[in-house]
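*Asks:* Here is how the chains run, residue by residue.
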Amino acid sequence: MSGVACTIAVFREAAPLPTVADLLAATIGSIKLKILVFGPQVRTLSSEERTLNLQNKRIEIRAELEKSGHLVNYAEDLVDPALTGPAANPLMQELVIMSEYDLIINLVGSPGSIVEATTIALKPRLAQKASLYLDEDHIDGLVGQACANARDIGAHFQTYKYPMDLTDCHLLSHVVARVSIVQKMKYLL
Amino acid sequence: MNSPDSAYHNLNALLIAKEELLSLASSQTSLRALEELDYDWESNTLNPNSGVFQILQRNQLTAQTGEEHGLTSAGRLLFSRLVVPFNPPEVASLASQSAYQIIKRLGVGKNSAIFSAEHALLKTRVILKLIRPGASSDILKSLQVLNGASAKAHIVRPIDFFKTDILDAVGRKLTVECIVFPQIDGISFRAFLQQKSYHLNSHIAISFINQIGFSLAELERIGAYHGDLHDENIIVEETDTGELIFRLIDVSFGATGSLTTDECRNSDLSNFRQHVWRLLGLQKSFLPRMSLRKFLGTRQHLAISKILSGEADAFREIMAVIADPAPYRRYVDDKKRFLSEKFNLPTTFRLQRYEEIIDPSVAARLFVPLPELMSKVTEFSNVYVSGMRGSGKSTYLAALAFFPHAGDVSVDFKELFGIYFPCRQGEFKSLTTVDAWSAEELRVRTTQVVIVKVIRRTLEALSGGVATSKIAHANDYSRLRDYLNRFLPTPGLVSVSRDILSEIDNFVSTMVRVEMEMLSTFRIRASPAPFGAEANSLIEFFLILKDIFPELAGTRFHILFDDAGLPNLPTNVQRIINDLILTSNPIFCIKFSAEKFTFSFQSSLGKIPENGHDYFEHDISQMLFIGSATARLPRADLEKYFRKIVEQRLEEFRYKDRSIVAYLGDNPNIADQIIGLLAAGRKDAFYAGWTAIWNIADRTPRNLLEIVSEIFSYADITSDSVPRPVSLKIQDKAIRVISEKRLQSLSQIAGVVHVGQKEVSLGRRLFEVTACIGSTFRVYLKAERGKPRKRQHLAIERNDLDGLIPEAEEILEKLITFGVLDDTKSEFARDDEVKKPIYVLNRIYCPVFNIIYRRDEHLRLSKKRFELLLLNPQEFRRSGTKRLQVDHGADDLFGFKIYE
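The listed protein sequences derive, respectively, from chains R and L. For the first sequence, our numbering begins at 1 and goes up steadily by one. For the second sequence, our numbering begins at 190 and goes up steadily by one.
Treat each hint with caution, since some may be false.
[As the list claims (entries may be wrong)] Derived DSS-like pairs (lysine-lysine); straight-line CA-CA distance at most 25 Å:
#1 L:K872 / L:K976
#2 R:K186 / R:K34
#3 L:K293 / L:K330
#4 L:K1025 / L:K1052
#5 R:K32 / L:K293
#6 L:K207 / R:K34
#7 L:K947 / L:K872
#8 L:K1014 / L:K1025
#9 R:K186 / L:K207
#10 L:K525 / L:K483
#11 L:K1014 / L:K1024
#12 L:K1053 / L:K947
#13 L:K293 / L:K352
#14 L:K207 / R:K123
#15 R:K32 / L:K1053
To be clear, the hints were calculated from the coordinates, so they are not data collected in a lab.
Work the whole structure out from these sequences, hints included.
*Replies:* Structure, rendered in structure tokens:
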């Protein structure tokens, strides 16, 4: 038996045949993404329950993704108030910032995140890397339409059920799964 | 982490389109499913009946040759990504098939896996790169192409190549190509960016561009690319001398799978720009208040801006941008043009402040020192230069400074090396007290900043000296480097290539950033930097300079703080200056100027430096005080000194006649002649002629030059004008304008004083008191009308010894600080023969009050009356003059005999 064959034997005996995902976990996990997470501001936590839940979810999403080694930022932390001239416009700055990230996750609902979702709905290049999450109760409204428009030009758009999907962490799981599939794609293709 | 890859610009669409393929890597797919494909890597054959085959086929990853089905090159690559994880057991056979033994796996990528290994016999450490099947079509050819790159390129090249058999995850053998690279010293660029201290050298970005940009341009020139320019594939090495070397490793040319050459090149460009940007961004983040342009310097900023803008779409063009001097030349030319249009070189008397003269050589030529004072200021000792505003304090200090580019200098830097701080420009203003700090914390922090500023300024001067060849480069900078390292976190100073930045310039730029960082955190409650610099550490610094620069072996260092009073130097900084003064030593001394009552003589520990012991005060105005006493300057000498000040400018600016009298005329008896006219209230009392002018200037060169300048301006006298005396009327008009301007400018002085329970505008109060004093003197002069010998009041004298209340004292001090009153002399009072201070009105105000500049009489005031004058000038004026008007001929006003 050649050395190679011996090694095969040892390998097979030592462990049951794993899934492909198990096999590639470390390799795919080494692919880190730059991710922007939009949603309600989190500097001051709201006393209003719904906003508070969304704020906490946004914080959780960031923490969870950072735990996996991704570079996760809130756009408001990156906007430079010291800039002057046309560049002083925070929305203009966000446009530039968005173009520099691999993935944009938006918990659509707060005024800022609605503007950002609407902006994404007008920019196919941004829409192609954006994932928008909206309360299903709002699907028929103007914001739902803006998200649908974003989907039409390439965005990933998904609704969630409030409050269950937030409290049961379904939304977090969706986001983590989305990031994971992007990692896989970047590795395989 | 790289910039968003252009290959994934349609990310969401791709996820949908490739969903089936991606499912192969999901947790639902057992390895058994891949095993069923039964793929033979050697023969490129497989089982077309397996489910996986169908998926691969639908994604155009299979190929058919006759009856046999196999995988395309892209298919082999994708399949290898799925089933070849390069686990150690699977590559274990490599040792028996090559000269290398694997030590550990460093990483697995899309196209290859990297292992640390060593040569089995030589034990040399190497890096093995195992290429995935399908990632390269002809790797040997690619490696041969790489050999065409210049040896100067910082590319780590392969030293060996072999093929080896390994196993995939389902146990099938496959042969992979392996490239062997030497293992080099250093850390990855990613790790480098995480080291805090590297932000302190702004030239690192240029060095990075020069080294990595050039290397990539070389690859480009030979038709290659890097292909995987992430931050782990750039290694940074710091040499023994602290120089940074950047090297490219793991060149993936020809082994990038299905990516096209253009995609790889674009990826290199994008990654390269991002690395430059990250480097700058990180460095900038430590100095948030500093603009990138200032941080980099204009030359580099112009080039880097262009590189980052994306205009250059090849590395050849990037290097051309770096090498092109044209944009910077254009900038310099534009700047010169702007300066010449907006800031003409001094060709008139207009520039009177030292700081306004751009060229120190011109300033040096225009400087006319008073020899007695100059010799005292030049002596090695701590000196406080005081004097009225405009008396030339700054110029005396500046004359001692080492200006590398100045031609005509009055002191030899080999004996006296002056380090000059024009504090008026505000560089110390930000060091204000932070309430939350303890006294000790404030002292430590302020000391650190002051010490670093002195070191930085000294190094700047030395750098200039080296650039102008006045000072030769030191043979060995290691001691200086070691000293400076204590101001930086580990690993201390870093260098870049000497052709980018010399060692001494690197020290300067580093210390500039150390200082900027300190300043940016000065008001933040954080731990002070750990180096614990104290005042005496400067002695060590200067001793090193004396040792390593032969030109400085015999010099002594004079640290010059010009205009060091409030508000230019906050009190906590003044305390540190006092500490430095008290660090009596033979290596450096402190010299500073300040307006009266603006500098606090008290050290951090509360010790009060003594005049005559710890320092020497030299009061310019006092030295220029004229009189018959032996201690005073003879009138003729002062006139001669002032004449020289003006005539030096006439010569410098090439006027047709260098005698000022040729332009102004002279009447030595002017005071006697016009005092009668002034007393009578006549309108033809003209202040004119050289004697009147230098007297009205009142020992203040700035006043003198301003008056002469104004007269020249009114009379339209230029350097081409034929010398002839300006009419008396025009001279009078110009003099009165300056006098009026001086008076009005008092009300512009910022600040408040407390009178009673109220806050009163300081400027307004100074104006009112000055107007009151001048008007009172005028009333007294008018009272002289009709007398054969008229006497002029020009000073206030105390007729008792009682101290003023604090509110009045504060205003009196401000009047002295702002040069309204001069208290430099005390005299024996005329009533009680007790020596008391006298307060002489600045003669520049004489024209505006229609009085003459002679000091014949003093207005004697009691404590109560003096306080009334200072605290309620309107009331003082009303009650005083009323009595004079009503009781004309009376013998007393405030107890002063009007008629003898």
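*Asks:* For every hint, state whether the structure bears it out.
*Replies:* Verification of the hints:
1. Taking the CA atoms of L:K872 and L:K976, the gap is near 19 Å; set against the 25 Å cutoff, the hint holds.
2. Restraint check for R:K186 and R:K34: satisfied, since their Cα atoms lie roughly 13 Å apart, inside the 25 Å limit.
3. Our distance criterion of 25 Å between C-alpha atoms is broken by L:K293 and L:K330, whose separation comes to about 28 Å.
4. About 13 Å separates the Cα atoms of L:K1025 and L:K1052, which keeps this hinted pair within 25 Å; it holds.
5. Restraint check for R:K32 and L:K293: the C-alpha separation of about 22 Å stays at or below 25 Å, so the hint holds.
6. For the hint linking L:K207 to R:K34, the alpha-carbon distance of about 22 Å falls within 25 Å, and the restraint holds.
7. Taking the CA atoms of L:K947 and L:K872, the gap is near 41 Å; set against the 25 Å cutoff, the hint is violated.
8. At most 25 Å may separate the alpha-carbon atoms for a hinted pair to count; L:K1014 and L:K1025 meet this at roughly 9 Å.
9. Simply put, R:K186 and L:K207 have alpha-carbon atoms about 11 Å apart, close enough for the 25 Å limit, and the pair holds.
10. Using a Cα cut-off of 25 Å, the hinted pair L:K525 and L:K483 holds, with the two alpha carbons roughly 18 Å apart.
11. Of the supplied pair hints, the one linking L:K1014 and L:K1024 holds, its CA atoms being roughly 10 Å apart against a limit of 25 Å.
12. A threshold of 25 Å between alpha carbons decides the hint, and for L:K1053 with L:K947 the separation of about 20 Å falls inside it, so the pair holds.
13. Simply put, L:K293 and L:K352 have alpha-carbon atoms about 19 Å apart, close enough for the 25 Å limit, and the pair holds.
14. A distance of roughly 23 Å separates the Cα atoms of L:K207 and R:K123; the hinted pair therefore holds under the 25 Å criterion.
15. For the proposed pair R:K32 and L:K1053, the alpha carbon gap of about 82 Å is over 25 Å, so the pair is violated.
Violation of the numbered hints given earlier is confined to hints 3, 7, 15; the remaining hints are satisfied by the structure.
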